[in-house]
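There are 2 protein chains.
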Amino acid sequence: MLVIGERINTSRNPIALAVTSKDEAFIQKEAKRQAEAGADYIEVNAGSFMDKETEYLKWLIDVVQDVSDLPLCIDSPDYEVIKSVLPLSKKTPMINSISLEGPKLGEVLPLVLEYGAKVIALCQSDHAVANSVELKMEMAGRLVEAVTAAGVPLGDLFIDPLVYPLGTDSRSAAATLEAIAGIMNRFPGVHTICGLSNVSYGLPNRGLINATFLVAGIFRGLDAAILDPTDKRIHGALKASLMILDRDGFCTEYLQAFREGLL
Amino acid sequence: MLVIGERINTSRNPIALAVTSKDEAFIQKEAKRQAEAGADYIEVNAGSFMDKETEYLKWLIDVVQDVSDLPLCIDSPDYEVIKSVLPLSKKTPMINSISLEGPKLGEVLPLVLEYGAKVIALCQSDHAVANSVELKMEMAGRLVEAVTAAGVPLGDLFIDPLVYPLGTDSRSAAATLEAIAGIMNRFPGVHTICGLSNVSYGLPNRGLINATFLVAGIFRGLDAAILDPTDKRIHGALKASLMILDRDGFCTEYLQAFREGLL
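Read top to bottom, the protein sequences are chains H and F. Read in our numbering, the first sequence has 236 at position 236, and its numbers run on one by one without any break. Read in our numbering, the second sequence has 6 at position 6, and its numbers run on one by one without any break.
None of these hints come from the bench; they were simulated from the model. You may find that some hints are simply not true.
Same chains, same names: a pair is fine if it fits in one copy or spans any two.
Said to hold, decoys possible - As a list, the in silico SDA-like pairs of lysine to any residue whose alpha-carbon atoms are at most 20 angstroms apart:
id : residue 1 : residue 2
1  : Lys32     : Leu2
2  : Lys22     : Glu114
3  : Lys91     : Gly38
4  : Lys83     : Glu134
5  : Lys52     : Leu135
6  : Lys232    : Arg206
7  : Lys83     : Gly195
8  : Lys22     : Gly47
9  : Lys58     : Arg186
10 : Lys232    : Gly207
11 : Lys90     : Pro103
12 : Lys232    : Glu107
13 : Lys104    : Arg171
14 : Lys83     : Asp23
15 : Lys232    : Asn205
16 : Lys232    : Pro204
17 : Lys83     : Arg220
18 : Lys29     : Ala16
With the rest of the complex left out, here is chain H (with noise of 0.2 angstroms):
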């Protein structure tokens, strides 16, 4: 299961007031915490600040690197940017993300494959909200044609069927669940991914909601998560998951992270 850490997003405020402010100390603890609770890769995030977006994410990845070695999810719905962070980052990154809509694929896989990255593919296009099974595995269909077409490997392809939250759509997370069952099923070796928070939009005691959809995302064969490790409830429940799922021997991860008072 891998995790990426979500932590350092510039819509979360005090991160925003720390990029701001240029507190090292502040981000630089944040990537340590969940370096220390399990992530493997710090995802960075400026998008909130449109003007100085490459900016301040140049600043947060060298930030960031100067305490970690983890390797980096680069969060931007901007190509521009992507490109102009890239040559910062000192691990292979991951890219997040790629879709269907305009020309994102397009200008974002030579991007991928110049640098060896991982990368986040949506189930989002133009012409359609993939709400339904269907049009979920049929445009992860076309995102696994588009990027094995040009080169990059299926294992570097993390495909997230979008999931919307369940107070304006009840059938959403059933239908991201059947999806990723149903991705991991048809194409063998690519990765499924999904951000946790999406889900709860809206409705209290979201922790749970957010906890009981990542056990259920699990238990259908999703491999990675958009997450926040430092959570005791989310990291409790990715625990207990793996060690239900007997792909945690004699309980060790578990008896350690609940030492380690992580869950």
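Given the coordinates of chain H, assemble chain F onto it according to the supplied hints.
This is chain F only, laid out in the frame that chain H set:
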């Protein structure tokens, strides 16, 4: 999802104390709390009092039925005890349990038929511990055969594949989940049921493991569970799972449970 409220069991010290001191109010409060938290059946168990089990179980049944209209789940390892308390049950009860051990099946099945009761059947025999998917499925098949041959409708049968503690058998939970899916698939109309707490025996943070196992079970088709509906973690996992599975239109039940402080 059928919920059997597990709290009125003399293996819990406060219940044992209430029984020996004839504290009707305490037992009735436990029954009402579980009913308000959505229990479909109230389990009664006085098995820890070997000599006085029948006397205490009769008292429990009367005391609970004085305040609750819910059917009871009568839990005893002893055929004679079950036989002597069954006439007290006002609603059609559930009997917990039969298995392939000793004379249990032959003794209890006539009672199941006589009372038109629901019955929990454990994947357990004199000769083997069902610790693999294959053994669980094989025993489930023998239980289905025996129970239906005796004339009990398949829909009255609740098969418990029996999960063993992860701390001593790391494969047990995964095998149980596989068996749940297999049983639901092979015998359409039958139910599967599970006690939750065994899975976490000996491990820290048991509530986390039990709740995660419940979520995993529900997503593999489990349609009944013996649990504590007043436990927020368990109740929350249950309601969030049903909402994610699109079995809670407009999130009505989830939101109601939140308002009632149940999650």
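For each hint, the structure was consulted:
1. For the identical chains of this complex, Lys32 and Leu2 are intra-copy neighbours only, at 17 angstroms inside a copy versus 45 angstroms across copies, given an alpha-carbon limit of 20 angstroms.
2. In this assembly of identical chains, the alpha carbons of Lys22 and Glu114 never lie at most 20 angstroms apart, being 31 angstroms within a copy and 77 angstroms across copies at closest.
3. Proximity of Lys91 to Gly38 under the C-alpha cut-off of 20 angstroms is restricted to the intra-copy arrangement: shortest distance 17 angstroms within a copy versus 52 angstroms between copies.
4. In this assembly of identical chains, Lys83 and Glu134 lie within 20 angstroms of each other by CA distance neither inside one copy nor across copies; the values are 33 angstroms within and 53 angstroms between.
5. In this homomeric assembly, Lys52 and Leu135 never come within 20 angstroms of each other (Cα to Cα): the closest approach is 36 angstroms inside a single copy and 62 angstroms across copies.
6. In this assembly of identical chains, Lys232 and Arg206 lie within 20 angstroms of each other by CA distance both inside one copy and across copies; the values are 14 angstroms within and 14 angstroms between.
7. Taking identical chains as interchangeable, the C-alpha atoms of Lys83 and Gly195 are never at most 20 angstroms apart, the minima being 23 angstroms within one chain and 54 angstroms between chains.
8. Proximity of Lys22 and Gly47 under a CA criterion of 20 angstroms is satisfied intra-copy only: 17 angstroms inside one chain copy versus 65 angstroms between copies.
9. Within a single copy, Lys58 and Arg186 get their C-alpha atoms no closer than 38 angstroms, and across copies no closer than 57 angstroms, so neither meets the 20 angstroms cut-off.
10. For the homomeric pair Lys232 and Gly207, the shortest alpha-carbon distances inside one copy (10 angstroms) and between copies (13 angstroms) are both at most 20 angstroms.
11. Taking the shortest alpha-carbon separations for Lys90 and Pro103, neither the intra-copy value of 27 angstroms nor the inter-copy value of 69 angstroms comes in at or below 20 angstroms.
12. Taking the shortest Cα distances, Lys232 and Glu107 never come within 20 angstroms of each other, neither inside one copy (38 angstroms) nor across copies (48 angstroms).
13. In this assembly of identical chains, the alpha carbons of Lys104 and Arg171 never lie at most 20 angstroms apart, being 28 angstroms within a copy and 44 angstroms across copies at closest.
14. Neither within a single protomer nor between protomers do Lys83 and Asp23 lie at most 20 angstroms apart by alpha-carbon distance, with minima of 25 angstroms and 73 angstroms respectively.
15. With identical chains, the CA atoms of Lys232 and Asn205 are at most 20 angstroms apart both within one copy (14 angstroms) and between copies (12 angstroms).
16. Both within a single protomer and between protomers do Lys232 and Pro204 lie at most 20 angstroms apart by alpha-carbon distance, with minima of 18 angstroms and 14 angstroms respectively.
17. In this assembly of identical chains, the alpha carbons of Lys83 and Arg220 never lie at most 20 angstroms apart, being 34 angstroms within a copy and 43 angstroms across copies at closest.
18. In this homomeric assembly, Lys29 and Ala16 come within 20 angstroms of each other (Cα to Cα) only inside a single copy, at 15 angstroms, whereas the closest approach across copies is 50 angstroms.
Of the numbered hints given earlier, the model fails hints 2, 4, 5, 7, 9, 11, 12, 13, 14 and 17; all others are met.
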